[in-house]
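Spelled out, the chains give:
2 protein chains.
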Amino acid sequence: MTNENIDEIIKEVVSRLQPKRDFEVEASGRHVHLSRADIDTLFGKGYQLTKVKDLSQPGQFACKERINLIGPKGVLKNVVILGPERKESQVEISGTDALTLGVKVPVRESGDIVGTPGILMMNGMTSLQLSKGLIIAKRHVHLTEEDAWRFKVKQGEIVQVKIDGERPLIFDDVVIRVSSKFATYMHIDYDEANACGFKKGTRGTIIKKLGNWNG
Amino acid sequence: MTNENIDEIIKEVVSRLQPKRDFEVEASGRHVHLSRADIDTLFGKGYQLTKVKDLSQPGQFACKERINLIGPKGVLKNVVILGPERKESQVEISGTDALTLGVKVPVRESGDIVGTPGILMMNGMTSLQLSKGLIIAKRHVHLTEEDAWRFKVKQGEIVQVKIDGERPLIFDDVVIRVSSKFATYMHIDYDEANACGFKKGTRGTIIKKLGNWNG
Numbered sequence: 001m002t003n004e005n006i007d008e009i010i011k012e013v014v015s016r017l018q019p020k021r022d023f024e025v026e027a028s029g030r031h032v033h034l035s036r037a038d039i040d041t042l043f044g045k046g047y048q049l050t051k052v053k054d055l056s057q058p059g060q061f062a063c064k065e066r067i068n069l070i071g072p073k074g075v076l077k078n079v080v081i082l083g084p085e086r087k088e089s090q091v092e093i094s095g096t097d098a099l100t101l102g103v104k105v106p107v108r109e110s111g112d113i114v115g116t117p118g119i120l121m122m123n124g125m126t127s128l129q130l131s132k133g134l135i136i137a138k139r140h141v142h143l144t145e146e147d148a149w150r151f152k153v154k155q156g157e158i159v160q161v162k163i164d165g166e167r168p169l170i171f172d173d174v175v176i177r178v179s180s181k182f183a184t185y186m187h188i189d190y191d192e193a194n195a196c197g198f199k200k201g202t203r204g205t206i207i208k209k210l211g212n213w214n215g
Numbered sequence: 001m002t003n004e005n006i007d008e009i010i011k012e013v014v015s016r017l018q019p020k021r022d023f024e025v026e027a028s029g030r031h032v033h034l035s036r037a038d039i040d041t042l043f044g045k046g047y048q049l050t051k052v053k054d055l056s057q058p059g060q061f062a063c064k065e066r067i068n069l070i071g072p073k074g075v076l077k078n079v080v081i082l083g084p085e086r087k088e089s090q091v092e093i094s095g096t097d098a099l100t101l102g103v104k105v106p107v108r109e110s111g112d113i114v115g116t117p118g119i120l121m122m123n124g125m126t127s128l129q130l131s132k133g134l135i136i137a138k139r140h141v142h143l144t145e146e147d148a149w150r151f152k153v154k155q156g157e158i159v160q161v162k163i164d165g166e167r168p169l170i171f172d173d174v175v176i177r178v179s180s181k182f183a184t185y186m187h188i189d190y191d192e193a194n195a196c197g198f199k200k201g202t203r204g205t206i207i208k209k210l211g212n213w214n215g
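Sequence lines, in order, name chains A and B.
Sequential numbering of the first sequence, starting at 1, is according to our numbering.
Sequential numbering of the second sequence, starting at 1, is according to our numbering.
For the record, the hints were derived by calculation from the structure and aren't laboratory data.
Glycine residues also receive a C-beta, built at the ideal position from the N, C-alpha and C atoms.
Each hint should be verified, as a subset may be incorrect.
Here are the simulated DSSO-like pairs of lysine-lysine, each with C-alpha atoms no more than 30 Å apart in a straight line [to be verified]:
hint	chain 1	residue 1	chain 2	residue 2
1	B	K20	B	K132
2	A	K51	A	K162
3	A	K132	B	K200
4	A	K152	B	K208
5	A	K200	A	K154
6	A	K77	B	K73
7	A	K11	B	K45
8	A	K73	B	K51
9	B	K51	A	K209
10	B	K162	A	K152
11	A	K53	B	K104
12	B	K104	A	K73
13	B	K73	A	K104
14	B	K45	B	K162
15	A	K104	A	K138
16	B	K45	A	K199
17	A	K208	A	K138
18	A	K162	B	K87
19	A	K208	A	K20
20	B	K162	B	K199
21	A	K162	A	K45
22	A	K87	A	K77
23	B	K73	A	K208
Footprint (simulated), chain A over chain B, 3 or more residues, beta carbon under 8 Å [what the hints assert, rightly or not]:
hint	region
24	85-97
25	151-157
26	164-178
With the rest of the complex left out, here is chain A (with noise of 0.2 Å):
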């Protein structure tokens, strides 16, 4: 028996004892969220944004309206707004974004942006100049109930998540996001994605990380 049958075997001995933790990967673009003030200030009293499409996180949509982002070096236009409203506004962007706009962004959570840089926003000549809330998302998976059970992750835990592309890579500190709310998927941005060879219907499996494995 040679070394590779011997690995053949391990893994499909692995991958028989294992749960099957994976679920569709999700690439998400530039966007941003606004509170009710903001949406008054930028597009006037009682503005009641326009949905498009709905998105995969049920009750979440990309709407009409667009804005421009602009930073000392450069600008994002017709940035997509997503709805419905949230109680602070956040704008949400890529490595790549942060460049072009010239500013220094964290990599946060969505809504832990106590400390981030804000940024100017305008709707035509209308201007706001959001006072926190750039942020270049935490790469995280989005389960519903029944799938953390099945997986055996809990809201908050770090794990890893296996992606299987022409550039195949293993995302590390990912977080998992557990709620009612959700639909189980796994949202990254697009410079993770060109990382990854990201195409639509592109997969990721969750590995336990050591310290983390109860089950």
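Using the hints, position chain B against chain A.
Coordinates of chain B only, in the frame set by chain A:
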């Protein structure tokens, strides 16, 4: 003794048993290698490229001369030319750049350009339509023969490389290139750099793949 203690002990034992296989990572921006004939066409018969900066790989250098790349959807301006001249011209861009140009570009090892798309290059008003050579470079590690021996890896071997940064990940399908003419550095593109939170000084560590373990 807690599980965490045991994990720490396992990590320490594993690290002391394995040779240290780490090296500096460099992010390669888009660039062009030109053949003698293509330099003649773009810059004039017998034109000599002007070195402005030595690169980490011995004998390789960045040139003063820049060219524009023209795609069906967009243009990449002032792309650096790297010297010395090569037998065949080759243009290395990122996945993001490929979207900008509007061309579908394969991931290839340097020099493996059969069947790749071409691209229109312009120096001022002088143009040259390359018939092939447009690639997204496959991530790779350049190793001196001494480091290849120390790291127990061979020319052409496929390994994983773990990157510890703001966005840690493990690149899979990384090709090992060994030459007495090389200096030991890993090369990734800017998409990959943004995906792993690359900064100057970021280091990578080789993880041998199951089935390639021979030391």
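Here's how the hints hold up against the structure:
1. For a cut-off of 30 Å, the pair hint linking B:K20 to B:K132 is broken: about 40 Å separates their Cα positions.
2. For the proposed pair A:K51 and A:K162, the alpha carbon gap of about 34 Å is over 30 Å, so the pair is violated.
3. A hinted pair counts as satisfied when its Cα atoms are at most 30 Å apart, and A:K132 with B:K200 qualifies at roughly 27 Å.
4. Among the hinted pairs, A:K152 with B:K208 is consistent with the structure: their alpha-carbon atoms are about 28 Å apart, no more than 30 Å.
5. Only pairs whose Cα atoms come within 30 Å are accepted, and A:K200 paired with A:K154 is accepted, the gap being roughly 27 Å.
6. A threshold of 30 Å between alpha carbons decides the hint, and for A:K77 with B:K73 the separation of about 17 Å falls inside it, so the pair holds.
7. As the CA atoms of A:K11 and B:K45 are separated by approximately 58 Å, the hinted pair breaks the 30 Å bound.
8. Taking the CA atoms of A:K73 and B:K51, the gap is near 28 Å; set against the 30 Å cutoff, the hint holds.
9. Between B:K51 and A:K209 the alpha-carbon distance is near 47 Å, which puts this suggested pair outside the 30 Å criterion.
10. Straight-line distance between C-alpha atoms of B:K162 and A:K152 comes to about 25 Å, which keeps the hinted pair within the 30 Å bound.
11. Distance check on the hinted pair: A:K53 and B:K104 sit about 27 Å apart at the alpha-carbon level, within 30 Å; holds.
12. With a C-alpha separation of about 29 Å, the suggested pairing of B:K104 with A:K73 holds against the 30 Å cut-off.
13. Proposed proximity of B:K73 and A:K104 is supported: the alpha carbons are some 29 Å apart, at most 30 Å.
14. Restraint check: the Cα-Cα separation between B:K45 and B:K162 comes to about 46 Å, which exceeds 30 Å; the hinted pair is violated.
15. A C-alpha spacing of about 15 Å is found between A:K104 and A:K138, which places the hinted pair at or below 30 Å, so the restraint holds.
16. Only pairs whose Cα atoms come within 30 Å are accepted, and B:K45 paired with A:K199 is rejected, the gap being roughly 44 Å.
17. With a C-alpha separation of about 18 Å, the suggested pairing of A:K208 with A:K138 holds against the 30 Å cut-off.
18. Of the supplied pair hints, the one linking A:K162 and B:K87 is violated, its CA atoms being roughly 38 Å apart against a limit of 30 Å.
19. Using a Cα cut-off of 30 Å, the hinted pair A:K208 and A:K20 holds, with the two alpha carbons roughly 12 Å apart.
20. With a CA separation close to 15 Å, the supplied pair B:K162 and B:K199 stays within the 30 Å bound.
21. About 46 Å separates the Cα atoms of A:K162 and A:K45, which puts this hinted pair outside 30 Å; it is violated.
22. The straight-line distance between the Cα atoms of A:K87 and A:K77 is roughly 24 Å, inside the 30 Å bound, and the hint therefore holds.
23. With a C-alpha separation of about 42 Å, the suggested pairing of B:K73 with A:K208 is violated against the 30 Å cut-off.
24. Proximity of the region 85-97 of chain B to chain A, defined as three or more residues with a beta carbon under 8 Å from a beta carbon of that chain, is established by the 3 residues found.
25. Residues of the region 151-157 of chain B with a Cβ under 8 Å from some Cβ of chain A number 0, which does not satisfy the need for three, so the listed coverage is violated.
26. Taking a C-beta to C-beta cut-off of 8 Å, the region 164-178 of chain B contributes 8 residues in contact with chain A, enough for the three needed, and the coverage statement holds.
In this structure, the earlier hints numbered 1, 2, 7, 9, 14, 16, 18, 21, 23 and 25 are contradicted, and the remaining ones agree with it.
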